[in-house]
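Peer 1: I would like the entire structure built from these sequences, with the hints used as guidance.
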Amino acid sequence: MAKGKMKKRSMRVDMTAMCDVSFLLLTFFVLTSTAKLPEPLPVDTPSSTVQTKLPEINLATVTVGQDKVFFGVLGKEERIATLEKMGERYNINFSDEEKQAFSYLEAIGTPMNELKKFLNLPVDVRNKVGAEQAGIPIDSVNNQLKDWVQVARIVAKEKNNKIIDVAIKGDAEESYPKIKEVIDILQEQRVFRFFLVTGLRNEDF
Amino acid sequence: MAELNTGGDGKDKKVRSKKQNAGVDLTAMVDLAFLLITFFMLTTSMSKPQSMNLAMPDKEDTEKPDEDKTKVDENRTMTILLGADNKMKWYMGMPNEPLEGPNDQTYGKSGIRPILLEKNRQAVAYSGGDQEKGLIVIIKASKNANYRNLVDILDEMAISNIKSYALVDITDLDLEILGEE
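Residue numbers (our numbering), protein chains in the order written: chain A, 1 to 205; chain B, 206 to 386.
Derived by calculation from the structure, the hints in this document are not laboratory data. Built from N, CA and C at the ideal position, the CB exists for glycine as well. Be aware that one or more of the hints could be misleading.
[To be verified] The calculated lysine-lysine pairs, modelled on BS3-like cross-linking and capped at a C-alpha distance of 25 Å, are:
1) B:Lys338 - B:Lys294
2) A:Lys146 - B:Lys348
3) A:Lys180 - B:Lys338
4) A:Lys99 - A:Lys159
[Stated by the list, open to error] Stretch-level coverage of chain B by chain A, calculated; a stretch enters the list once three of its residues show a Cβ under 8 Å from a Cβ in chain A:
5) 230-243
6) 254-263
7) 283-296
Peer 2: Okay, structure coming up:
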């Protein structure tokens, strides 16, 4: 009888330790994964087979889609510093609340003169009208994208002593001249190396 | 953890049955936990966007950036014109008297890629087997091309392992070849 009893006991595996480990890992992954911020300008990036990953820090992104240009910097502190510097250039004073609001935005596409108004909108309204922003002016008379890129580079140099990487995130259907305009602006800033954000293409391309 | 040690040595049946009930079955919980782990692991690594590098020359430096101020052999130079409706044309050598082409071609595996590989092989052979002196590709996009075309052709450069390529503004002559304004 004793034999049978032993067999029965060994059938049951103690899962406590396994459960502990798995929940530890689960907690780790939940905490390390960053919540995705809502994209103000959703773009459908073209796909490529090149597997270079985009840098996760020290990156400025120029989003091009629907004939509009949006600009964003990674990192909350960098965003605030960039906004402060842009405010100085355009003689606009931003309050702390406005800076906070700006630091949560992945990208903005509002001309400087309307930026204050946009940042004072309630959060839900702002997220809703995100795609309806006019885009950053890039014409030669009022080239605000140039200033944004310049300021972002200065901030990265001063804060982290690094040269900022610039990525272009274009919509697949966006016309070439618009992309070319953005590339030209970056070239004028002496940014000669940049990343084109793409999706992953399937194997049999 | 959840099991209570009642201290009884199993004399009466009451204690025994109690002991059995106290053990919680964690199998389902572990299943769930691993499912979630898998989900978070995959989503964190997958959400990272891909990117491709693009280097542009200094604008003020020279008018013909890809030639690097040295004469470039037309036998090694291929020009790809990107036009409207995902069409492209390519030719070898100079636009006014191309050595080959201009021919129509499509994107992808059975389109421009075999040509790029073949021409690159020929160019390497032409420069005496020097792998560094392969084909030179000049990419010119018309205003009717879209961004996907650009990324696709840059991708082809990466796949075909072409080391020197440049993005150049389109000329009137090229537009004529392409049949666009």
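Peer 1: Each hint should be assessed against the structure and marked as holding or not.
Peer 2: The hints, checked one at a time:
1. B:Lys338 - B:Lys294: holds, 23 Å
2. A:Lys146 - B:Lys348: holds, 23 Å
3. A:Lys180 - B:Lys338: violated, 28 Å
4. A:Lys99 - A:Lys159: Distance of about 17 Å is within 25 Å: holds.
5. 230-243: That given contact holds, which follows from 9 residues of the stretch 230-243 of chain B lying within Cβ reach (below 8 Å) of chain A.
6. 254-263: Result for this restraint: holds, n = 10.
7. 283-296: violated (count 1)
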